[in-house]
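Each residue of the sequence shown is one higher than the one before, starting from 44 at the first, in our numbering.
Just so you know, the hints here were simulated from the structure itself, not pulled from any lab data.
Glycine included, C-beta positions come from ideal geometry on N, C-alpha and C.
Treat the hints loosely; a few may be bogus.
Label pairs and their calculated CB-CB ranges [to be verified]: (1) M180 / V237: 21 to 29 Å; (2) D219 / A73: 36 to 44 Å; (3) G145 / A187: 14 to 22 Å; (4) P94 / P64: 27 to 35 Å; (5) G234 / T178: 21 to 29 Å.
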Amino acid sequence: MSVASTQVAEAIRERGYALIPGLLSAAEIACARSSLERLVHAVAPEQLYAPSSVTVARPEIAASFVLTPTGLTITGLQHVAPEIAPLLLRDRLLSPLRALLGDDLRLEALGAAVSDRMRPFFGWHTHIDGEEEWTRMRAKRWPAKPTVERVIVVVYLDDLDDDGGPLLVLPRRVGDPTTPSHDTLARDWPGQVVLRPTAGTAVLLEQCTWHAAHSLRRAGHRMFVGGYFATRESPTPAFADATLDALLRGSL
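Generate the whole structure from the sequences, applying the supplied hints.
Here it is as structure tokens:
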């Protein structure tokens with residue numbers, strides 16, 4: 044494993060997140076954006092945001108579309124935009140993930156999200172066990188997680204400058220408590236780090252890392268592609284797509 048991959052893996056253990064700048068080239072960013080714009084046009088939702096999850100039924104398209112607080116989420120990209128998977132499943136990303144999750148790691152989901160200025164501030168949340176955060180908050184379930192079980196990868200297709208909606212993260216060492224330390228709707232948390240990744244940067248978040256996102260302040264669409272990666276032994280979320288295993292194995 045390269046020094047860079049070792050540093051990424053160690054950063055996730057020590058602070059709960061890491062960045063891989065320039066994972067995608069300008070041409071690859073344009074390719075991914077074009078694919079997502081095509082899907083948005085085909086789905087033609089009335090809006091790109093909902094305060095709680097609403098399925099957008101498009102049975103003629105072999106993917107799932109849901110309006111969420113994140114935006115319009117798309118899963119099953121491997122079926123409708125197969126050109127995107129190779130952009131993510133490359134050694135520069137998979138090497139640190141294997142160091143964290145093991146050589147037999149799982150790819151649970153491959154998807155994207157598209158939003159616009161209508162989406163408000165996206166409050167603080169985690170991705171523990173892949174469970175929807177609002178369900179977890181209502182149930183007040185905050186399990187101890189002494190090891191890295193799951194890493195969420197988000198590759199932004201836009202610059203997250205002040206107008207692009209910076210990402211906020213609260214650094215967390217693996218094994219730290221998972222309970223929220225402040226009001227999850229607050230726009231700022233003490234100790235937060237403001238991330239302004241450029242387009243093509245991969246942001247890796249350990250599943251227990253609290254994070255939030257500011258709104259887009261310019262015209263157009265804010266987009267990202269990404270996936271859920273987990274250890275073979277971790278709890279399998281309901282949304283996990285077993286067909287992705289062969290796709291991942293072909294890239295390792």
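* Cβ distance range 14 to 22 Å for G145 and A187, holds or violated -> Since G145 and A187 have Cβ atoms about 20 Å apart, the given range 14 to 22 Å holds.
* To do: With 21 to 29 Å as the target window, see if M180 and V237 comply at their CB atoms.
  => Roughly 24 Å apart at Cβ, these two residues keep to the hinted range, so it holds.
* To do: With 21 to 29 Å as the target window, see if G234 and T178 comply at their CB atoms.
  => Holds, since G234 and T178 (Cβ atoms, about 26 Å apart) stay within the stated range.
* To do: Take a look at whether the Cβ-Cβ distance between D219 and A73 falls inside 36 to 44 Å.
  => 39 Å, holds
* Asked: Do the beta carbons of P94 and P64 sit within 27 to 35 Å of each other?
  -> 33 Å, holds
Checked against the numbered hints above, the structure violates none of them.
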